[in-house]
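Novice: Listed below are the residues making up each chain.
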Amino acid sequence: MIELLELQKTYSEKTVLSIQQLTISTGELVGLVGNNGAGKTTMLSLILDLIKPTKGMARSKQKDVSKTDSWKAYTGSYLGEGFLIPFLTPLEFLDYVGNLHGKNKADLSDFLSDVSGFFSGDMNAKKYIRDLSIGNKNKIGILAAIYASPEILILDEPFANLDPGSQSWLKRKLTELNQRGVSVLMSSHDLKHVTDVCSRVLLLDNGKIIKDIHVSNTALMELEAYFSIQ
Amino acid sequence: MLNLFLHQWLETKRSLFWQKSVFVNILSGIMGLYFLINFLLLGFYADDLIQSVYQESNTIRLFSGFILFYYLFDLFARFMVQKNTVLSIQPYLILPVSKQSLIHYPLVRSIFSFLNVLALCLIIPYFVKVVVPGTSPGFASSWFATLIALMFINNFIIIAIKKLDAINPILISIFIVSIGSLLYLNFKDIFSLSTHFSAMIFFIAEKPIMVVIPIMLLAISYYFAFSSLRKGLYSESPNNREAGSQGTFSFLTRRGQVANLLAIELKMIFRNKRPKTALLYGVLMIPYGLLLLQNKADDYFLILFIGFMIISSIPTMYAQLVFSWESSHLDGYLTNNVTIVNYLKSKYLLIGLLTITSYLLALPLVLVHPELLKIHTAMLFYTIGVSSTIILTLGCFKRKPISLAKNQMINYEGLSIVEFLMIFPLLGLPSIIYFILNAYDQSAYAEYGIGLVGLAGIVFNHQLLQAIGRLFVKNKYAMGQGFRKN
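Those protein sequence lines, which keep their order, are chains A and B.
Residue numbers 0 to 229, in numbering that gives the first Met the number 0, belong to the letters of the first sequence in order.
Residue numbers 0 to 485, in numbering that gives the first Met the number 0, belong to the letters of the second sequence in order.
Derived by calculation from the structure, the hints in this document are not laboratory data.
Careful, some of the hints might be misleading.
Calculated pairs, PhoX-like style, for lysine-lysine (alpha carbon to alpha carbon, straight line, at most 25 Å) [said to hold, decoys possible]:
id : chain 1 : residue 1 : chain 2 : residue 2
1  : A       : K126      : B       : K98
2  : B       : K230      : B       : K98
3  : B       : K473      : A       : K54
4  : A       : K126      : A       : K102
5  : A       : K51       : B       : K399
6  : A       : K125      : B       : K405
7  : B       : K272      : B       : K161
8  : A       : K66       : B       : K473
9  : A       : K51       : A       : K62
10 : B       : K272      : B       : K484
11 : B       : K473      : B       : K399
12 : A       : K60       : B       : K473
13 : B       : K399      : A       : K125
14 : A       : K51       : B       : K484
15 : A       : K54       : B       : K272
16 : A       : K13       : B       : K272
17 : B       : K161      : B       : K405
Here the structure is a predicted model, which means the values were calculated and not measured.
For reference, chain B alone in the conformation it holds in the complex (with noise of 0.2 Å):
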């Protein structure tokens, strides 16, 4: 087991990700540090935060109550962002490392995880300045030994689930609409399941011989996990599924090199993970444009950005990965018999549906707000002429190849400090277009000027096409050297 780790360690030690995304990696870090620390003040300021607001002198109960719905936070935190740990696990198969090992290996390694990290931020600082000097120590430790065993009972259950094939976008619309609806319910004093929670904590606090209870669920989490992973111990993909089924678009494959080029990525999209749940991730942003133009629904600029938001967020969210999307096989592309514009007018045609898509998705947005018809449309015209433009031409500089296979969510790879620099233009020509017209108050035009541009945009999308084949011929070479270093 020590090998293991230290194999693993060897393994992110010399790992290319470290040459390759300094500027990732240091954003990250900090991003990381942020919220440890954030997280640490939380927890030593629970009891004063706490009392400041319910006036109650004894916060313990009303504390453990809401570490519940940090622990639903969490628990969808994981599903979304946690990785197992794999440990490439195949040279180990054939040698004398006993296979219980192998699969106890990856969940040992999953105790030290961020978000576990994050957790014990919370409630030792808790634990230690209200918790230990108000109780008896029994009542202390078991209290500290149930929180704990709950944070590793969502870690293994996490881990099981993640497993599993039949993880789909509905079980996790369902996930999030019930837990909504209890959160609703708790707040409107209808059904207070936090109350309950705390008085189950309280219940086995009390008891220290309860304590057997959560000690009891996490090693049934434990061995939940460990079983699903010994199913996949065995490196033959589970992979029955009948290929070429999902979405074929015969349609599109005898209407010219274009259409042909469509309906391959079309099938990408269909048949990998990461671009399905890159583009879910931009479905998932009208909704926040919704909740965001509750609160803000009378400046016009902020109105602005949220359409500018809505409209672009899935076409970007997908083609800000543009040629990346093609890293595996881009060979293919540049020996085949397809023109370099023909290759970009397909990409050009994929950013226009998509961002249709978007726009007649948040046709009830604007059911809701009839003054959002000017501006989605007036963005969708922008997105189309303009802000495929800037991404194609941005996308020539791309030189990180991406595997289609992984999720999209806290995802870097393929990213580099072009996708960061991307949303200045994208943002900032909108911006200008609105403050030039402001200047001159007639920024209630500012939607027309963006729409025209947009239009503009468009119109010359032909010549603006050909610009960038040239810009892409000039870059290919370097381009495909760093795609091929998959």
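Isolated chain A, as found in the complex (with noise of 0.2 Å):
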């Protein structure tokens, strides 16, 4: 599904990222932990071609993300607030999406109603997005991302911000797109939920994968040994 090719990424002589090879494939459901600064965004945003690879690529499906815009019909993805309008209603915004991905008004009742112990619609019908508590921006974000009815899911630290039953909630939502076949990669700072949710968990240090775990028993010490938690 997606391959990173030798990407490379540097500012001002300082390499974030480097990466000789990885293969995401389909299905799996990738977590991805790290420092800050680790370069976990990068990657991401290199992935979504926000920005230019210093060498190398990434491939989606074959192709070449920056000679391409075929991934974007099958991708969804939210980095952070760049990623929604915010003069809009929730409502509004996630209509929009849905009409890029040729969903009608009906498609989007029912998938509010099969969201609405994320996020209640009618709670905040009322408000632009730019007025909404970072948590809510952020479940914004995160539900049009996957409304988009995406074959690969691309989220950065999704968790973050959230409420324990929204993050129990996103957790179970996740592993459900998962066994209906779309693959996920999302980073974290919670190894906890990580390991929960996660077949393969790639450790970033540095700009560089220094461990790509399959999630088995000892995963999470594993991670937790890396990260220095007692």
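Using the hints, build the complex out of the two chains.
Specialist: Next comes the structure, spelled out in structure tokens:
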């Protein structure tokens, strides 16, 4: 599904990401962990063609993402507020994204009732996105990414700023989507969530993948040892 | 309070603004200096000027009357330009700083604003040169105190008014119209407001005890500003307005990508301050064009220029910021299921819509000057076909984010040298057409030439947009990076 080939990003002499070769296959649920500044967001931005690689390329379904728009049709993503349109109401925004993927009003109301445990449309219908709290903004971004019926979902710290109930809802949702064949790539600081949900965990350190773990019983301990959590 | 001044100074000094827009800073610095010097000279030579026009040796009474007009202008200028000093107040609310001083601070600070300095530049030279030597110390000091008090009353009233939510273009128009008619009555000697005004100032100045009146008014205006700021102290925004009711453009939402993007951009215009004010200033250029036509109705080249200005000022005022309007959410546009060419097409359509709007708004002008019809039509084609291409092409070099919530007036945010240079190709091409035809003594056909070039641009718009799309793709990384520095 996603392939990174000799991908490198350098900012004035400092290499922030350097990946020799990485393949994420269809149907994988991959977690990306690492300290602040390890290069997680950089890696996701490169896959979404938001920044230009210094060397190498990111490919989606065998196509270089910087050379084509075709990946946009099957990729749902949310990396931060810059993905939201601040002067729309949440429903308008979801409708807009759905529209770009050929969905209609009926699809939207189905979707909203499906996700009512995560985000209540009624409660925030009368506000613009710019006036929502950070947590609610995150929710809208994540929902828009899911609503696009993606084949691959790319999320940057989706659990950040969410209340506990929403975190567990999102975990269930991601698992459910994955079981239906959606590939997921997400970064997170919460090792527990990552090992609970993901089938594979990548550990980034100074722009390099230093561990590529298939989640088993020992995965959490292995990660905790790296982050020196007592 | 001193600490607050220090922090504001640091905020200004360390602001990214200085590092980012050197060019704009130098330009506005020169402009400011230019105004100051002009006002100083005007203040210093006011008595000679008045004497030469009115043949009156005692100019103080007339000068005092003219000051009224200056104050009216000042009030208007402040309304358009003056920014309420905002110290990001939140960090201080939880610190042991008294709430009172947090409110007094921006008020005290506003005393040193540019427009106040400008007014002082006008009053002080005249005061020193004419009033002090010519009148008694009691008269001179209360004259001065009255004028200064009135100036600061303007200052504080505007602060209070700017805090009100209910400012709308209709109120502004009413204000402008009433001032205009007062000026008209005044200069036609039907009702001389300025005479009454100077009589009032003389009344105060001749009985120095009366100086308490302006000073009391000043205190009241200060209190007025103080209480309006106190109401806005709490950080929760007074956002009770129901969202989503303004302009839904639902008829556009299910008609493909381009229409969808156009609907989003129209919503952006209707729901944010900066695009709305940008369009307002574009609209104001149309009556301005009429005013220019009154004086210069015989020079064909000038009429062409005015036609260009009338038709293209709305689209250009808005579209010069092209992709910056999306600076807060460009990442979303780049990752969503939108092709670049469709994004550009929606921009192109919007420019077209705005141009047609100005064409329609300018129709009354055509009724007054029928010869404008052909020029306006040529400029309509030119703006849609050619200006749009130039604007979109140069827009690919934008790197600066803007905030949608701010006023357009005296707002250099997001502007760079690109916008200043934009005018050369926009205006250059029609001029070249005119001068080429003029060289062959066929200048009367310039409007046809300009219209034809515009039509060619419209016919080839698909190819042009494809080419701009390639340029956009090359520049999108740098643009995105710049916009993310919000």
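Novice: Which of the numbered hints above does this structure break?
Specialist: Structure breaks hints 1, 13, 15 and 16.
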